[in-house]
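Student: From first to last, the protein sequence lines are chains A and B.
First residue of the first sequence? That's 979 in my numbering, and the numbers climb one at a time after it.
First residue of the second sequence? That's 979 in my numbering, and the numbers climb one at a time after it.
Incorrect hints may appear among the rest.
No copy labels: a pair is met if it fits in one copy or bridges any two.
Only pairs whose alpha carbons sit at most 25 Å apart, straight line, appear in this in silico DMTMM-like list of lysine to aspartate or glutamate [what the hints assert, rightly or not]:
(1) Lys1151 <-> Asp1077
(2) Lys1074 <-> Asp992
(3) Lys1100 <-> Asp1001
(4) Lys1217 <-> Asp1077
(5) Lys1098 <-> Glu1054
(6) Lys1153 <-> Asp1082
(7) Lys1151 <-> Asp1082
(8) Lys1080 <-> Glu1193
(9) Lys1100 <-> Glu1295
(10) Lys1153 <-> Asp1099
(11) Lys1217 <-> Asp1082
(12) Lys1151 <-> Glu1279
(13) Lys1300 <-> Asp1082
(14) Lys1080 <-> Glu1180
(15) Lys1153 <-> Asp1077
(16) Lys1328 <-> Glu1054
(17) Lys1057 <-> Glu1201
(18) Lys1074 <-> Glu1254
These aren't lab readings, by the way, just hints derived from the structure by calculation.
There are 2 protein chains.
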Amino acid sequence: MSTNVKAFGTEAADADLQPMHIDRRDVTPQDVEIEILYCGVCHSDLHTARNDWGGSKYPSVPGHEIVGRVTKVGSEVTKFKAGDLAAVGCMVDSCKTCDNCKQDLEQFCLNGFTGTYNGKDKHSGGHTFGGYSEKVVVDQHFVLKVPENLDLAAVAPILCAGITTWSPLRHWKVKEGSKVAVVGLGGLGHMALKLAHALGAEVTLFSRSAGKTEEAKSLGADEVIISTDHIQMDSVRGKFDLIIDTVPYVHDLNPYVQTLHTSGTLVLVGFLGNLEPMLNTAPLVLGRKSIAGSLIGGIAETQELLDFCGQHNIVSEIELIKMQDINQAYERMLKSDVRYRFVIDMQSLKN
Amino acid sequence: MSTNVKAFGTEAADADLQPMHIDRRDVTPQDVEIEILYCGVCHSDLHTARNDWGGSKYPSVPGHEIVGRVTKVGSEVTKFKAGDLAAVGCMVDSCKTCDNCKQDLEQFCLNGFTGTYNGKDKHSGGHTFGGYSEKVVVDQHFVLKVPENLDLAAVAPILCAGITTWSPLRHWKVKEGSKVAVVGLGGLGHMALKLAHALGAEVTLFSRSAGKTEEAKSLGADEVIISTDHIQMDSVRGKFDLIIDTVPYVHDLNPYVQTLHTSGTLVLVGFLGNLEPMLNTAPLVLGRKSIAGSLIGGIAETQELLDFCGQHNIVSEIELIKMQDINQAYERMLKSDVRYRFVIDMQSLKN
Chain A
979 MSTNVKAFGT EAADADLQPM HIDRRDVTPQ DVEIEILYCG VCHSDLHTAR NDWGGSKYPS
1039 VPGHEIVGRV TKVGSEVTKF KAGDLAAVGC MVDSCKTCDN CKQDLEQFCL NGFTGTYNGK
1099 DKHSGGHTFG GYSEKVVVDQ HFVLKVPENL DLAAVAPILC AGITTWSPLR HWKVKEGSKV
1159 AVVGLGGLGH MALKLAHALG AEVTLFSRSA GKTEEAKSLG ADEVIISTDH IQMDSVRGKF
1219 DLIIDTVPYV HDLNPYVQTL HTSGTLVLVG FLGNLEPMLN TAPLVLGRKS IAGSLIGGIA
1279 ETQELLDFCG QHNIVSEIEL IKMQDINQAY ERMLKSDVRY RFVIDMQSLK N
Chain B
979 MSTNVKAFGT EAADADLQPM HIDRRDVTPQ DVEIEILYCG VCHSDLHTAR NDWGGSKYPS
1039 VPGHEIVGRV TKVGSEVTKF KAGDLAAVGC MVDSCKTCDN CKQDLEQFCL NGFTGTYNGK
1099 DKHSGGHTFG GYSEKVVVDQ HFVLKVPENL DLAAVAPILC AGITTWSPLR HWKVKEGSKV
1159 AVVGLGGLGH MALKLAHALG AEVTLFSRSA GKTEEAKSLG ADEVIISTDH IQMDSVRGKF
1219 DLIIDTVPYV HDLNPYVQTL HTSGTLVLVG FLGNLEPMLN TAPLVLGRKS IAGSLIGGIA
1279 ETQELLDFCG QHNIVSEIEL IKMQDINQAY ERMLKSDVRY RFVIDMQSLK N
C-alpha cells in the first residue's frame, strides 16, 4: 500500500526538473512519515539529476537535506510522534548489522547505505526518491530530532553540508584552541567556519579572492589567507592541526600541506578523483602529516550536531526559493552564485 | 679539548670509505662518552656518503645505529655511569625548548634536530661524525639505555630501523587484535613484522615475490599477500587498520589503499618524493582513510622500544661484518642482498 504524492524531478539527464507524482509507502512498524517543510539543495542533487557521475536512475527526485513535521508513525516507533519536528539527511537505510553500522558509522556501512535518493529501495524494489516532494517515509533510525529554537528552513543544510564538516572536526578531535583551516567558502565551507568557531578553535579561511574577508569573519573565521599569495601562505607555515578542504574539483594540495603543524591532517570532503599535481610525500614523512578523506557522518553524530546547533544557535546561511525555481537555482549553483545554500520552501510545491 | 680517534669514512662522494681520524670533544657536564661496540648500517649511511640527496659534508663518517659502553660521563650526568651499556640513534641534539621537543618529539624539533652524522655540530661548529668510529660523545638526553639481556650487535638496528616502524605502530595505537600490514621486507620491514606481532596484532606482509613466505612467517607475519596477484589483493580488501609502507622508492599506493579498513591509515616511512601514479582520493573520502608519513621517533619513544625489546627478547636479524668490509656491504645493500641489516663489529676498527 502506498500514497501518491506531489514531487519535483526529472525523467532524463538532459531535461529540466518538473512536477511529477511518486508513491510513498504506507508506514511499516518502524517507519516515520514526514510532511516536508524545507529541503536544502546540494550539489549532489544537480549531479544526480544530470547523471554527471553516471548511475542515475529516472525518474530522479533529488533532495537530502530534509526538515519537516511527523504526520504518522509505525506501531513500533518510539522516537517520534505525530506533530514532532523531524529531519532526514543523506541516508534512509543501512544493513544495521555490520561492524561499521554497529559503531554508528552507517555512512560506511559495509553492505552499502541506502541513499535518500537514487539508492536501492529495499521496500519498493526500485530506487529511492528524495526530498523534493510533499512527504517522505523513513525508518525511525534514520530520522533526526530537530531543536525547536532554530529557523527550520536554515536547519536543512545542516543535514548534509553541516554533518560533512562536523564529522571530521569531531573525528580529528578539534577542541578549544585547536588551529583549524577551511579551504573554500561555499555551502560546506561556511558551515565549517561556524562549527569550528563554535568548538572554540582558532579558524582560518583559505580563499583565492580577497573580497571574502569581512564575510568570512562574520561567519567565524579569525583570519583569511589568500592562497595565491606566497607571503601570506608562508605566514601560516606549520600552523594548522586540521585543514578541512571543501573544494570539489582537482587542485594542488602541496601548498596546504606546508601549513599543517606536526601530526596535522588535511581532510578532503569535496574532491573525489586523482590528485594532480602529484602529492609530495616528503612533508608528510618529515612532519608526520596526513592526507585523509571524510564522508558525511553517522546518524548518532548527525543528531549530536543538530543538538549542538540548537545549543549554539547555529544554522546555515540560505537563500529560500520556490520549488518551481529549482532549474534556475541549479544554473546559479554552477556559477557559485549562492550565499551559501539554496533551500526550497516546500509549501510552494502544493501551489 | 678533544681526543683524536680512529674512524672510517670518505673524503668525497665518489670515493670508497677508508680509515681516517676524527676528533671527539671532551665531555661537557651533560655529555656521555661511549666506546662503540657495534654500529648498524642504514641506507642513509650509503646515501650520505655518496651525496645522493645532496648536502653531504666531507669528510663523511656515517653510522646512526650505535651500541656501546660508557667510558666517561660529564659532571652533571645522572642517567649513566662508566661501564653502562648505552646506545645512540639518529639524533644527538635538538633545541629542547620548542613545543615539539617539550612533547618528546625531538625528531620534529621546530629548530631542526642535529643528525648523528652530517648534522651541524653545536660544539665544534663543524658537522657531526657518526658511529663508524671508536668513540662518540653525546648529550645524555640523546643517549639510550640498553637492556642487558639482548645480543648487543643485533640491538643496533633497533636504533633506526626499529624506531622508524615502532613510532607509527604506537602513534596509530596498534594493539592486541589490530590488523597491520607491512609493505616491503628489508631492514625496516622485518622489524615492523616483529614489533607488530609482539604488540599482539594480526600481521600481513605484502611482498612482490612468493619466495618470502616462510621467512616472513618466522619473523612474525601471519600471512603473506603477493601484491601483484589481484585475487590475493582482493582477499584482503578493506582489512587493515594500519599499513606500514617501508618501500624506499616511488610506487603505486592505490592498490594498498583498497586494503585499508574504514578509518585506516597507510603510513610511509621510506619514500620521500612525488606520488606517482596519482593517488585517487575517492577511497579516502568514501572510507575515511588516510595517507600519512612518519619519521624515526622521539627519544622517550626509542627508550620505550628498547625496553619493550628487552621484555620481549626482540632484536634485529643481522649479518655481522668487519669495518673494512663496508664498501662491499654498500654494494650488496644496493642489490637488497642483506638479511636484514649489516652491523659492523667495531672491534675490527682497532685492528
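Student: For each hint, tell me whether it holds in the structure or not.
Tutor: Going through the hints against the structure:
no.	hint	in the structure
1	Lys1151 <-> Asp1077	both (22 Å within a copy, 19 Å between copies)
2	Lys1074 <-> Asp992	neither (36 Å within a copy, 64 Å between copies)
3	Lys1100 <-> Asp1001	within (14 Å within a copy, 77 Å between copies)
4	Lys1217 <-> Asp1077	between (36 Å within a copy, 12 Å between copies)
5	Lys1098 <-> Glu1054	within (24 Å within a copy, 72 Å between copies)
6	Lys1153 <-> Asp1082	both (22 Å within a copy, 22 Å between copies)
7	Lys1151 <-> Asp1082	both (17 Å within a copy, 21 Å between copies)
8	Lys1080 <-> Glu1193	neither (41 Å within a copy, 38 Å between copies)
9	Lys1100 <-> Glu1295	neither (35 Å within a copy, 56 Å between copies)
10	Lys1153 <-> Asp1099	neither (39 Å within a copy, 39 Å between copies)
11	Lys1217 <-> Asp1082	between (32 Å within a copy, 19 Å between copies)
12	Lys1151 <-> Glu1279	both (13 Å within a copy, 23 Å between copies)
13	Lys1300 <-> Asp1082	neither (35 Å within a copy, 58 Å between copies)
14	Lys1080 <-> Glu1180	between (34 Å within a copy, 22 Å between copies)
15	Lys1153 <-> Asp1077	between (28 Å within a copy, 18 Å between copies)
16	Lys1328 <-> Glu1054	neither (30 Å within a copy, 84 Å between copies)
17	Lys1057 <-> Glu1201	neither (42 Å within a copy, 46 Å between copies)
18	Lys1074 <-> Glu1254	neither (37 Å within a copy, 38 Å between copies)
Hint violations for this structure: numbers 2, 8, 9, 10, 13, 16, 17 and 18, all remaining hints satisfied.
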